[in-house]
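Peer 1: Residues per chain, in single letters:
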Amino acid sequence: MTALAVPAGRRGGFLHDLMTVARRSLRGILREPASVIPALIIPVFFYVVFVGSLTTVAEAAGGFDYEAFQLPVAIIFAVTGVSRANALVADIASGYFERLLLSPISRAALLLGLMVADFALVVALCIPVLILGAVIGVGFETGPAGIVAFVLLAAVWGVAFTGFPYAIALRTGNPAAVAASFILFFPFAFLTTALVPAEALTGWLATVADFNPVTYVLAALRSLVMTGWDAEALAQGIGAICLVGATSLGLAVLALRRRVRVP
Amino acid sequence: MISGPIIEARGLVRRYDDVEAVAGVDLAVNAGEIYGFLGPNGAGKTTLVRMLCTLLRPTSGTAVVAGHDVVREPTEVRLRIGVALQDAALDPGQTGRELLELQARLFALPRPLAARRVAEMADLTNLGDALDRRVETYSGGMRRRLDLAMALVHEPRVLFLDEPTTGLDPLSRRQIWAEVRRLNREMGVTTFLTTQYLEEADELADRVGIISEGRIVIEGPPEDLKRGVGRDVVVVRIEGDPELAQRVLAALPDVEHVERTGHELTISVSDGPAAVPTTAAALATVAGVTVREMSLRRPTLDDVFLTVTGLRIGGPEVVANGSDETPDAEVAA
Numbered sequence: 025m026t027a028l029a030v031p032a033g034r035r036g037g038f039l040h041d042l043m044t045v046a047r048r049s050l051r052g053i054l055r056e057p058a059s060v061i062p063a064l065i066i067p068v069f070f071y072v073v074f075v076g077s078l079t080t081v082a083e084a085a086g087g088f089d090y091e092a093f094q095l096p097v098a099i100i101f102a103v104t105g106v107s108r109a110n111a112l113v114a115d116i117a118s119g120y121f122e123r124l125l126l127s128p129i130s131r132a133a134l135l136l137g138l139m140v141a142d143f144a145l146v147v148a149l150c151i152p153v154l155i156l157g158a159v160i161g162v163g164f165e166t167g168p169a170g171i172v173a174f175v176l177l178a179a180v181w182g183v184a185f186t187g188f189p190y191a192i193a194l195r196t197g198n199p200a201a202v203a204a205s206f207i208l209f210f211p212f213a214f215l216t217t218a219l220v221p222a223e224a225l226t227g228w229l230a231t232v233a234d235f236n237p238v239t240y241v242l243a244a245l246r247s248l249v250m251t252g253w254d255a256e257a258l259a260q261g262i263g264a265i266c267l268v269g270a271t272s273l274g275l276a277v278l279a280l281r282r283r284v285r286v287p
Numbered sequence: 260m261i262s263g264p265i266i267e268a269r270g271l272v273r274r275y276d277d278v279e280a281v282a283g284v285d286l287a288v289n290a291g292e293i294y295g296f297l298g299p300n301g302a303g304k305t306t307l308v309r310m311l312c313t314l315l316r317p318t319s320g321t322a323v324v325a326g327h328d329v330v331r332e333p334t335e336v337r338l339r340i341g342v343a344l345q346d347a348a349l350d351p352g353q354t355g356r357e358l359l360e361l362q363a364r365l366f367a368l369p370r371p372l373a374a375r376r377v378a379e380m381a382d383l384t385n386l387g388d389a390l391d392r393r394v395e396t397y398s399g400g401m402r403r404r405l406d407l408a409m410a411l412v413h414e415p416r417v418l419f420l421d422e423p424t425t426g427l428d429p430l431s432r433r434q435i436w437a438e439v440r441r442l443n444r445e446m447g448v449t450t451f452l453t454t455q456y457l458e459e460a461d462e463l464a465d466r467v468g469i470i471s472e473g474r475i476v477i478e479g480p481p482e483d484l485k486r487g488v489g490r491d492v493v494v495v496r497i498e499g500d501p502e503l504a505q506r507v508l509a510a511l512p513d514v515e516h517v518e519r520t521g522h523e524l525t526i527s528v529s530d531g532p533a534a535v536p537t538t539a540a541a542l543a544t545v546a547g548v549t550v551r552e553m554s555l556r557r558p559t560l561d562d563v564f565l566t567v568t569g570l571r572i573g574g575p576e577v578v579a580n581g582s583d584e585t586p587d588a589e590v591a592a
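Residue numbers (this note's numbering), protein chains in the order written: chain A, 25 to 287; chain B, 260 to 592.
Rather than coming from a laboratory, the hints here were simulated on the basis of the structure.
Errors might be hidden in some of the hints.
Short derived list, chain A residues pointing at chain B, Cβ under 8 Å [claimed, not checked]:
no.	residue
1	Thr44
2	Gly52
3	Asp115
4	Asp254
Ideal Cβ placement from N, Cα and C applies to all residues, glycine included.
Model the full structure from these sequences, guided by the hints.
Peer 2: Encoded structure:
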């Protein structure tokens, strides 16, 4: 029976599929460097504005190094909300995603491969922030190993957050909805200790900040810059990242399963 | 030669809410065939093809493609089929070559095979230097050719084409036809194509199934279908004695009857192409008349469709693409 002849193609295995998707995504990023420019400028811009306008007030009141205090905020701004969700939704709209489904590729790799590319991208986005810190003269209490931990923590946070835009992209298939997912960034980034330390927050904002995972990620990052290796701060930061990652990835996987199910 | 159906569907039904888009289709396509699935917009062509290529689940019925059940073993089916759906689905930001290479990776072709197939398919697209330009710069015809090549990178046994030339200019359409025919002849790729163009089905398909309201209403080789609905007609205009000519022609073995209007004779025959030389010879040698004009008119698939469904096949889209009934009134407004 010819029908049973061995096909030329086969399943490539999860890792092969993961890297296939990631490579294509990275090429897409390199093709459109313009799409990355806001993520490069925004953190530097806010850093300059915050440090320029608040250093005198903050240091007079708190007696600490505000430039070092703000560096983790810059890195959070650099990596939060960066994702390939726009590209994913474009694939869905063009029908190319369906073509991927017509191949034997692992369905999970279609999502996780994008996240591999995101990880590489957010690590790259950390570099200008580190240069900025070096130029201004922010020193790391934890030394070079601390800088690596700083970037890793920020990058993992950035990837943990991508589940939200991916979930929206997969669920809606709508570019406008994905673009609107950008507003998620604001409560996470500002209803926290972005501007002043936790002790200085008042009333409702103090309460909200207590529940905002970014508060703990910032505390962990700041400990690396300002106080040295602080196991408790790092554990809380990693815990917050895991919580957000589990939630966002859970939503994204649900949306993926719905999207790839044969209707 | 290969025998037995490579696509086999039994009682295939797909219901959307209350509408049966496909209402019970039985189908058997043999290995090596080009099967043309012909019907107007909304007849259920796309729904059927999506079920056969694992993108849509049948409400009931079964389909086996390349030896595997489309519902139970979708991955096995996907490894053996190539699919080019309506509106070439491509990533505009990458080059044609990159998309071919990605396709080879998606099917995890071993490296030497991948290199060979990408090179072969690059040739097949006939895109030349454009292959290394981004797809966003391509014309519609170039996109379709790339789309077709991408569907073939992993050497599928069966090729599904959903309206492969809709929206293309006549030249691009001819190029796609030539390619499909060549793939079929030289590589034995079984091809299932849907179309709303009579000409396309007629030109390409070994067998045609006509679908209307979710059902196959008639099926067979285009020639048989056309013969089934009407006779071939040879029309001649002569100089000489028309009554004598009519008598001579009516006595020929394959001629069914002859009508005469002035010097014009309308001859109904069972096999038009065979009748042309014999009638011409009989007119010249037996009746001694001179033939001024001679034409052969054969039934078209449109006649078949009209006969079996009572409908003409298309709306304005079909008309604009080769039918003779141009809706002038719409243009005039």
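Peer 1: Each hint should be assessed against the structure and marked as holding or not.
Peer 2: Hints, one by one, checked against the model:
1. Evaluation of the A/Thr44 hint against chain B yields a held restraint, the C-beta minimum of about 5 Å falling below 8 Å.
2. The beta carbon of A/Gly52 comes within 6 Å of a beta carbon in chain B, closer than 8 Å, and the hint placing it at the interface holds.
3. With its C-beta approaching chain B no nearer than about 7 Å, A/Asp115 sits inside the 8 Å limit, and its interface hint holds.
4. At about 44 Å, the closest approach between the beta carbon of A/Asp254 and any beta carbon in chain B exceeds 8 Å, and the interface hint on this residue is violated.
Hint 4 from the earlier list is the only one contradicted by this structure; the remaining hints agree with it.
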